[in-house]
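**Student:** Okay, here's what each chain looks like letter by letter:
2 protein chains.
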Amino acid sequence: MLYIVGIGAGSREGMTIAAQQAIERSELIVGYTKYAELIKEYFPDKNYFTTGMKQERDRVEAALKESGNKTVSLICSGDPQLFGMAGLAYELSPAHPDAKIVVVPGVTAAFSGGAVLGSPLTMDFAVISLSDLLTPAEKIRKRLECAAECDMVIVIYNPSSKSRADYLKKACDIVLKHRSGDTVCGYVRNIGRDGQESRVLTLSQLRDTAVDMFTTVYIGNSETRAINGKMVTPRGYRNV
Amino acid sequence: MLYIVGIGAGSREGMTIAAQQAIERSELIVGYTKYAELIKEYFPDKNYFTTGMKQERDRVEAALKESGNKTVSLICSGDPQLFGMAGLAYELSPAHPDAKIVVVPGVTAAFSGGAVLGSPLTMDFAVISLSDLLTPAEKIRKRLECAAECDMVIVIYNPSSKSRADYLKKACDIVLKHRSGDTVCGYVRNIGRDGQESRVLTLSQLRDTAVDMFTTVYIGNSETRAINGKMVTPRGYRNV
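Residue numbers (our numbering), protein chains in the order written: chain A, 1 to 240; chain B, 1 to 240.
Just chain A, same shape as in the assembly (with noise of 0.2 Å):
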């Protein structure tokens, strides 16, 4: 059996109970090194296979192969799904046609570091990485067009990267195109670990302002407000 589990933002109280369920009947705990470290200290006494960024494929092969005779967990921040490995392991699962997967969702950081900034999700909204690594740049930047253009609110993932410094810079001009400088954005860095910083701020503010990769990034519609320094995207309920 192969659970692939989302643990959420790194806290333990973020994780769901169906999470820890997972990860407490699992005899093999299999993940990118940095998130095992986060697990091993609320779970210490399991056995771990980790490795590095980048060897995404050769983790989840092995979590596929050692899951047809062994409950494996293979856990991924957030949720499971969203630039997580539940996909790949899907794809590679034909060459392992007795592996049962089973994914536990968990919260992503669209969600996670949202409620810290407030309330942006309230509507309809877009996610979009801002990485090039695996989707072409032309993609992305019709993406960032097509989002601003409908007035949906924008999360961006992997904002800033050492070789894309300039990439929010970029994204931001092309909201820009479409929305006021005025318009209410929001970012949360290192969302419920240690030194969790947020801040609220208007569009141009943001494009002026240098985000890492352990950033998620919210981009508000043009109802979008700051109410008492939160992003607060109304429902509508009050002109109901």
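FYI, nobody ran anything at the bench for these hints, they're computed from the structure. Treat the numbers as computed from the prediction; the structure is a model and nothing was measured. Possibly wrong hints are sitting among the right ones.
The list treats identical chains as interchangeable, and a pair is accepted whether it falls inside one copy or across any two copies.
Claimed, not checked - Listed next, the in silico DSSO-like pairs over lysine-lysine satisfying Cα-Cα at most 30 Å (straight line): (1) K177 - K54; (2) K139 - K169; (3) K139 - K170; (4) K100 - K46; (5) K65 - K162; (6) K34 - K100; (7) K169 - K46; (8) K65 - K142; (9) K177 - K139; (10) K139 - K65; (11) K142 - K170; (12) K142 - K177; (13) K40 - K170; (14) K54 - K162.
Since chain A is already given, all that's left is putting chain B on it; use the hints.
**Tutor:** Then chain B, alone, in the frame of chain A:
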């Protein structure tokens, strides 16, 4: 203290530990009658204040008022931001200057339903509600058009109701202008509850399928595939 708590899809296991702790700490639980019934089973000894559909404002006002001298949990299904009460609570909070609000995130239907189908939400996606009760119909059409055009996976909330029986068909027709009728789609009804049903089907089939308001619908992007009956959006690791 006012906790605005996402309880996930409805099972106790789908709740986060933080959501469970917030409810346990609370002297009063406020919520929509149907969701309160789910919670009462797990926390039978609490005091509850419940209201029916379309009484969101009464519920939130009551929760804000009571939180002045009590610890209160305002419960929402899924996540408390997305089509939940967190936004409205912040909107009404200036009239309750002493209210202390903490949003406790939960797993929204997009992710709990996606886990049932496989991994449709591996990458960039948009959430769009078809309910035109609080959003102009023209804006909804525009969002569908934009999300379809830039090849994002689309998750549809509120796909149908008695007065909107043909809305999903109309939404599919918009998407069909940009995507093939063979596009892999899926839906899940009663996610995580008794009578859960799911199906993976093509966009052409989805167009001619009747779904109810308890259903969450997924329209794949151009790369989404059906693998052993699961709906899987690849991330691209295999090509790296």
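**Student:** Using 30 Å as the alpha-carbon threshold, which applies to K139 and K65: within, between, both, or neither?
**Tutor:** Neither: 34 Å inside a chain and 48 Å across chains, both beyond 30 Å.
**Student:** Up to 30 Å between alpha-carbons, please classify K139 paired with K170: within, between, both or neither.
**Tutor:** Both, since 14 Å and 26 Å are each at most 30 Å.
**Student:** With 30 Å as the alpha-carbon cut-off, assign the pair K65 and K142 to within, between, both or neither.
**Tutor:** neither (39 Å within a copy, 45 Å between copies)
**Student:** Given a CA cutoff of 30 Å, do K40 and K170 count as a within-copy pair, a between-copy pair, both, or neither?
**Tutor:** neither (39 Å within a copy, 49 Å between copies)
**Student:** Treating 30 Å as the Cα threshold, decide for K169 and K46: within, between, both or neither.
**Tutor:** Neither, since 43 Å and 49 Å both go past 30 Å.
**Student:** My question is about K65 and K162: at a cut-off of 30 Å on alpha-carbon distance, are they close within one copy, between copies, both, or neither?
**Tutor:** neither (35 Å within a copy, 48 Å between copies)
**Student:** At most 30 Å between alpha carbons: which applies to K139 and K169, within, between, both or neither?
**Tutor:** both (17 Å within a copy, 27 Å between copies)
**Student:** For the identical chains here, do K142 and K177 meet the 30 Å Cα criterion within one copy, between copies, both, or neither?
**Tutor:** both (13 Å within a copy, 17 Å between copies)
**Student:** At 30 Å max between alpha carbons, let me know whether K177 reaches K139 within a copy, between copies, both or neither.
**Tutor:** Intra 17 Å, inter 18 Å, cutoff 30 Å: intra and inter.
**Student:** Evaluate K34 and K100 at a C-alpha cut-off of 30 Å and name the case that applies: within, between, both or neither.
**Tutor:** Cα proximity of K34 and K100: one copy only (26 Å, versus 34 Å across).
**Student:** Classify it for me, K54 with K162: is the Cα-Cα distance of at most 30 Å met within a copy, between copies, both or neither?
**Tutor:** Intra 16 Å, inter 48 Å, cutoff 30 Å: intra-copy only.
**Student:** When Cα atoms must be at most 30 Å apart, do K177 and K54 count as within-copy, between-copy, both, or neither?
**Tutor:** Answer is neither; intra-copy 35 Å and inter-copy 37 Å both fail.
Hint violations for this structure: numbers 1, 5, 7, 8, 10 and 13, all remaining hints satisfied.
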